[in-house]
Structures are given as C-alpha cells and as structure tokens.
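Student: Below are the chains, spelled out letter by letter.
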Amino acid sequence: MRKIKESIYKWLFTITAFASLAFLVGIVIVLFKEGIPILKYIDFFPFIFGESWYPTYEPPDYGILPLIAASFWVTIGAMVICVPLGIGTALYLHELAGEKQRAVLKPTVELLAAIPSIVFGFFGMIIVAPFIQRLLNIPTGLCAFTASLVLGIMAIPAVSSIAEDALSFVPRSFKEASFALGANRWQTLTKVVIPAAGSGISTSIILGMSRIVGETMTVLMVSGGAAVIPKSFFSPVRPMTSTIAAEMGEAVMGSAHYNALFAIGLLLFLITLVINLIAEIISRKYRLKLGLNR
Amino acid sequence: MDIDIRPVRDGIKEASDGNAGRNESTARPNDRANQFRSAKNGAVSNGVNLARMHSQNVNFYYGKSRALSNVNMNIHENKVTAIIGPSGCGKSTFIRLLNRMNDLIANSRLDGKIFLDGKDINAPGVDVVDIRRRVGMVFQKPNPFPKTILENISYGLEINGRKDSGFIRHKVIESLEKAALWNEVKNRLNDNALGLSGGQQQRLCIARCLAVEPEVILFDEPCASLDPISTKKIEELILELKKEYTIVIVTHNMQQAARVSDYTAFMYLGQLVEFGQTEKVFTVPKQKQTEEYLSGKFG
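The listed protein sequences correspond, in order, to chains Z and H.
Under this note's numbering, the first residue of the first sequence carries the number 2, and numbering increases by one thereafter.
Under this note's numbering, the first residue of the second sequence carries the number 13, and numbering increases by one thereafter.
Hints were generated in silico from the structure; no laboratory data involved.
Values in this document were obtained by computation on a predicted structure and should not be read as measured data.
Any given hint could turn out to be false.
Stated by the list, open to error - Restricting the straight-line Cα-Cα distance to at most 27 Å, the calculated cross-link-like pairs of lysine-lysine (DSSO-like) are:
(1) Lys-153/H / Lys-192/Z
(2) Lys-192/Z / Lys-175/H
(3) Lys-175/H / Lys-176/Z
(4) Lys-153/H / Lys-286/Z
(5) Lys-198/H / Lys-286/Z
(6) Lys-176/Z / Lys-300/H
(7) Lys-125/H / Lys-192/Z
(8) Lys-153/H / Lys-176/Z
(9) Lys-286/Z / Lys-159/H
(10) Lys-198/H / Lys-192/Z
Claimed, not checked - Short derived list, chain H residues pointing at chain Z, Cβ under 10 Å:
(11) Asn-111
(12) Pro-154
(13) Pro-156
(14) Gly-168
(15) Glu-170
(16) Asn-172
(17) Leu-201
(18) Phe-310
Said to hold, decoys possible - Output of the computed footprint for chain H on chain Z, the stretches with three or more beta carbons under 8 Å from beta carbons of chain H:
(19) 165-175
(20) 187-201
Ideal Cβ placement from N, Cα and C applies to all residues, glycine included.
So here's chain H without its partners, still in its complex pose:
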C-alpha cells in the first residue's frame, strides 16, 4: 500500500493553508467544519491524508525554469476546488499534473508527489491510461474531434475496449443528459460536432469526459472562450456535477471561482499562496497577496 501517512507539513510557509481541513477544524470547531470531517473531507485524520487527491511538495520544471515550487494542496471529494491566480502563476501547469498531461511535454520534470486516493500517480507501474481515465479533463478551448457528436462520445468507450453498441448508445445518452446537452442534440447525433456552437462544443467535451466514468474532473479555464450565457450553463453544470464527481477548476475569473467553488487556491509565481474554503478566502484572506489580488491591485 502506498498510502501517504506523513502529515503534510512541509511547505507550510508558502502554502500557509495547505492542509486547510485540519486548520479549520482545530481553529474553528464549528458545525460546518465538523460536517466536513465526518464526510471524510477534513483531509487529514490521524495523520492519513484522506483527501481525494493531494499534492506533496510538488516542484515542476520546464527545462531549467521552475514553474511550480513546493505546492501542497488537497482536492476534496465531491467538492469544487478552484485554482485562481494571474497568468503564468502555474495554475494550469498544476492542474495538468493531476492527470499526467504534462508527461507529453518534452524537457519537463516533476519533483514531488501527487496522490489519488492515497496512491502516487507517478509511481512506477502505475498505468497512465488508467489515471487519465479516472481523472478526466476539459480544456480551455472546446476541442471536440472532427467527428460526429455520437462518435465524439463513443470514442472514449471504444478506446477503453467497450464495443457493445447497446451499451455505447445508453452511455452516449446518459452522458449527454448529464452534460445538459441531450435536448439540443438528440435529433442530430450524426452531425459533425464542429457545427455546434462554442458553448455546446464545450458541453459535448464534458459529456465525452463523463462517458468514461471518471472520478475526478479537471476543468482548465473551461469558459475562457465562451460567452456569458454559455458560461452560466457550464457553471450550473459544474454545480450539478459535483454531487457525483470531484472537481478542480482553473479560472482567470475570480467571480467564477466565488460562484462555483467550495475551496479556493490562490497561486502566485508558482507558489500556492493561500488555500481554504472559498467563503473565507474571499472574505477574510489570510495573506496580503491574496487580498491584493482579489481586490484587483494586481493580476
């Protein structure tokens, strides 16, 4: 067993609230914090990190330049964790580490560990395909394949070896329904997905991701190229999806983080400056930098 039993203690200086759950519950033993603890979301219990995912002393390098330094963060089950910060702060780099998308980047190096259910996802012998299936991703720009709507969704099932057409059909409908797209596309499943509007394409990408039954879904600025109405739909969808999935969202938009997330991480220059419940980060930030960023002094 690979369970990490060390309490996340290192890097506390940078990530002042890296183990939010524990600090919350000891400092303010209010009802809500207790609720989190009993729902296994308190992250650290008896020295075992129970968060769905967590990173431990993560440093990441593109060639020689360091994009992340000493990031410790917990991703709690069935919650939305938002990562905010100015461009170049490392938030996209971080989220792409959670499903090993950065494996594809030449000359990059990861130092530190990332855990999914207590297991190191970069350990030798771990199948990257399995990690990516369990941790799905929705990208900044909607990127449906130039195939039909149906094929876009069945693709993930086929590559995972599901050939049964009845099952595929069922899964396609289910995923489209979950992504709130079914009613708009049910009569044109065989049309090219690139004919959909940007917002529809993004929901199709979400449906495509849902079809392979991930446990965690990563959203990398999912609304960056969408209009306000489409954005609103995606946000509503995220709130709906968190009932079943654990969600991480990177966003440029602070208001979006405030609207959809339960936890907020503020990153700056590759460091995790502050992490905590969204309400608290936005109303009583502990770090001066966080406050300045939120009030628009920089970024």
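In isolation and in its complexed conformation, chain Z is listed as follows:
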C-alpha cells in the first residue's frame, strides 16, 4: 500500500515538473510555426533592418527596425535608472542599514515589485507623462524617456533583490579577513565585498534588463506608440512588446501581419533567452569563484 502511494507521489511530481518543459516546448514550436512564414513575404534582412513598419498599408511594409530601436532605447534608458538605484539600494540594505531601516525598507522595495504593471502604466500615463510634457515643453509626454523612467522604477526591486542576494553570498570570512588586516568598512566594501559579489551583481543587472525588455503593458501605455525610428529620446516610440499587444487583436489570423507579429515575438524570445543564458553563465562562474558548490 505504502509502495503504491510512494509511486503515485513520484509520478505526480514528475509530471508537474515536466509540465513546464512541455509548455516551453509548445510555445517555442508555435512561435516558430507562426513566425517563420513571414519569410514568404519579406526576406530576413529587410524584415530586421527595414525602416518602415506599415503592416496595414497597401502594399504593406514589414520592417521592424523602428520597433527594435524603440525597445533598445527604452531599455538603455531604463537601465540607466534602475541599475544605480537598484544596486545602491542593495548596498545600503546589506551594508549600512541598521535593523530598523532594514525592517522598513526591505518590505517597501518588495512591495514595489508587487504593484501590477498596469498600475505603473496608469501612473506613467496620468502623472509622469503630463509632468514631463510640461517640464520639457514637448508635444507629448508619452515618449521613450517617460517609458524609460517608469520601467526603470519598476525594475528596481528585481535588480536590488538579486544584487542583495549576491552580497549576502559573500562569505563573512572575507570581510573578517579584511577587517583583521586593518581595513575600514569602505575599503572592505569596495575592495572585497563588491568584487566578490561582482558577477552576482552583473547577473542582477542582466535579469533586470530581461525584465525591462519583456515588459509590455507599461510601455504600451506610456511610450507613445509611433512606429518610426526615434529621432530623440523624447519622441514617441513603439517597442516590440507593445506592437504585438496593440496589433495582435486586429491582425487577420494567418495573414502576413499575423506572421510578422509572431516573428517579433520569436525575436523577443530569443533576445531574452540569450540574456538569461548570459546571466546563468555568469552566476555559475561566480559560484565557482567563491568556492561554493560544484
């Protein structure tokens, strides 16, 4: 009887564990199946590097460079905001904060992560965009800059929590060794702790980036939506994610437009896959470096 129970449990958990693998494979297959046919209508290079995205015109243009450029600029801008803030938060929480500050700050940062992205979008659209518009006196506040700002704030918890983990993985003994040699706190932090946590901190940056690249709802709401190559940081843009979200509803199933959107999805998937692989490689190296397992 016990044996049967045991094997039921074993199978149950095996199935649940492999379910996510099945989902992943399924999604990838669909992405390829629906995305690749775009090559019937347009070649690979004109698709990636084409400068105009007019999928509903006659004849249509399926160049996604404006979308890639938009994603690129918004991501860079958001990184400029979330990396210093996220890592600064992690350093403060880990090294400087007393128990009281920690008790307040840590849950606060985590709560920031719990805010749904639609709420961030809302906040960006109603508060930030008009403010930026007035401040800089530009035609619309819905632009790459605003999107970067809001996304950057959104990604702070992702960066800070992973960076903080990395800092806490630095063995106490390193710090003790440094102090015992007569180093002060600042020297210990900059010359021992941060270098030792360096790869973990870069992982946090990369994963923050992957979060930003894939974020959809917020950018859809605040980036402005113009599918042209941005002339400045303050022009409206249409990143890859929001293009899919905005247009999938109206694209005719099986049409070239439909295939193009899937191809964009496939490209996004490949980008985040590469980003995550890099993060994984770095963090593995870092474990080796610290002499932790493996």
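Please build the complex by placing chain H on the supplied structure of chain Z, with the hints as guidance.
Tutor: Relative to chain Z, chain H alone:
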C-alpha cells in the same frame, strides 16, 4: 601614559595562575624563570605588567549571556601562548578580543581591559585599524580573498596606503618566504588563491597577515580544517615565527598546544582555570579540572 601599574591581583581565584611570571619566579627561582625575567617576560616587575599583552578582569557578554568571566591573562613577547579548552569555553571569544574583532558583533559588551604594550586597546581615541594592523589574525577556516595570490598579499599593504609597486613586490616575496609558501607559488602569483590546497591557503593567510608587519599574531584554531601534513607545516611555521612575533593560538588539540606553545591557558565555561608554562600545565597541573581535561575525562 596609560600604563597599568596595578598588579594583576583580582580574579586570582578563578585564574589561579593568572600572573604566572611572578609566581614562577618567587616560588621556583630556577634558571629558566630568571631567564624569563631578564628577558622582560616575567610579566610583572615592580608592579608594572610588562607582558606584551594582558587582559584585566575581562568579562564579555553576548546579549545577556556571559561568555567570559573575569579573565586575567598575560601574553608574553616572542612566546607562543596556547589557549585550550572544550567547545564553548570562551577561548575564541577571548582571542578575538585581542584585536577587537568582536567589535563587529552586535549586542555584545566588553567589561574589563585589554592592554597592548601597557595601553588599553579599547580606550577612546585608540584607532581600531591601528590595533588590527599591530595584532594580526589567522582564522579557523582558510579565508583567502577570491583574488590572485599576489593581490591577496598586496591588499593589506594597499589599504594601509602603500602604493609603491617595488615595495609591494618585495614585501610579497618576503611574506611568502616567511610563511614557507614562496617555493610553491612563485611561478603562479597571478593565479586565483582559491586554487591552492587548504594548507597552502592557510599559509597564504599567514603570509597576508605578515605583510602588514604585525607585532602579535593570533591564530584561531588554524589547523581545524587541515590534514595532518598541512597541520605539521603550520606548526613548524609557528615555531619559526615566534622568533620575531608574539603568538597566541587557540586550539582544540591538546597535543598541538603541547607541541608548539611556551605557555598554556586552560579555559572552561568562560573562566581561565589555569595558566602557566606549558610543560608545567601538562605535567603538573595545579587545578583538578585541568588535569581531568588533559587526561580526557571531559571535553
């Protein structure tokens, strides 16, 4: 001047032999004891404690629990002082007080004084960085930084403001030689220190400590995680180093204390039960507890 002129008298009950030097020389005026006295190791002369370091009525608390009670101990110059005792007896706590490593522990409190060359190391105005530079420490588990062998040693010099690369190079070689590691690593100074074996790592930690020119070196169970051969090397090194440095070693291993030390302190439940020349503590212990511990009745 902060010189402590009170003879160490308090706490004699617990630390029956707390001022070993004086008792030795009055009770047994043999040649060896006189030698110690003339070499300024007799600790108390004319009421002035001349030991390199000494603790005076030290009590230490982690929160509310008391880890050390009334410890009076002398650390003699150019000698190896071993602190032995069962786990939890306070020996590590005590050794970490000697370079103020316990400053880092929240909710801890020190009551009593610790002197280095007659000066209270916890007095206001004393720079903790200076104390830690003068009193170096080697830890239980080898803890080289995840940097190259070279950087591990130059680190201590750099944080103390030595930037001259020629000097650093010279110091790195000198420290590695003193730590008996030079021949093994001279061709791979730029390799990651974590690639060394445990014993080599520990000697690297010793070299790292030597590079900042300490006067006293504290060893907190330096061989606890090493194999017998590496242990032997470290012990030989300690005997070599005592010519130049004053050494304190905490050890679980009684035989190790017997092999390397000149003085032995036996601690139990936060108290210093017995202190004296190693030979005597091991052959004719004065306290019953010491004898029982040494003969393996508890611990």
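Student: Determine for every hint whether it applies to the structure shown.
Tutor: Comparing the hints with the structure gives:
| no. | hint | result |
| --- | --- | --- |
| 1 | Lys-153/H / Lys-192/Z | holds, 21 Å |
| 2 | Lys-192/Z / Lys-175/H | holds, 15 Å |
| 3 | Lys-175/H / Lys-176/Z | holds, 22 Å |
| 4 | Lys-153/H / Lys-286/Z | holds, 22 Å |
| 5 | Lys-198/H / Lys-286/Z | holds, 26 Å |
| 6 | Lys-176/Z / Lys-300/H | violated, 40 Å |
| 7 | Lys-125/H / Lys-192/Z | violated, 33 Å |
| 8 | Lys-153/H / Lys-176/Z | holds, 13 Å |
| 9 | Lys-286/Z / Lys-159/H | holds, 14 Å |
| 10 | Lys-198/H / Lys-192/Z | holds, 24 Å |
| 11 | Asn-111 | holds, 6 Å |
| 12 | Pro-154 | holds, 9 Å |
| 13 | Pro-156 | holds, 8 Å |
| 14 | Gly-168 | holds, 4 Å |
| 15 | Glu-170 | holds, 8 Å |
| 16 | Asn-172 | holds, 6 Å |
| 17 | Leu-201 | violated, 18 Å |
| 18 | Phe-310 | violated, 30 Å |
| 19 | 165-175 | holds (count 3) |
| 20 | 187-201 | holds (count 5) |
Going down the numbered hints, you'll see the structure goes against 6, 7, 17, 18, while the others check out.
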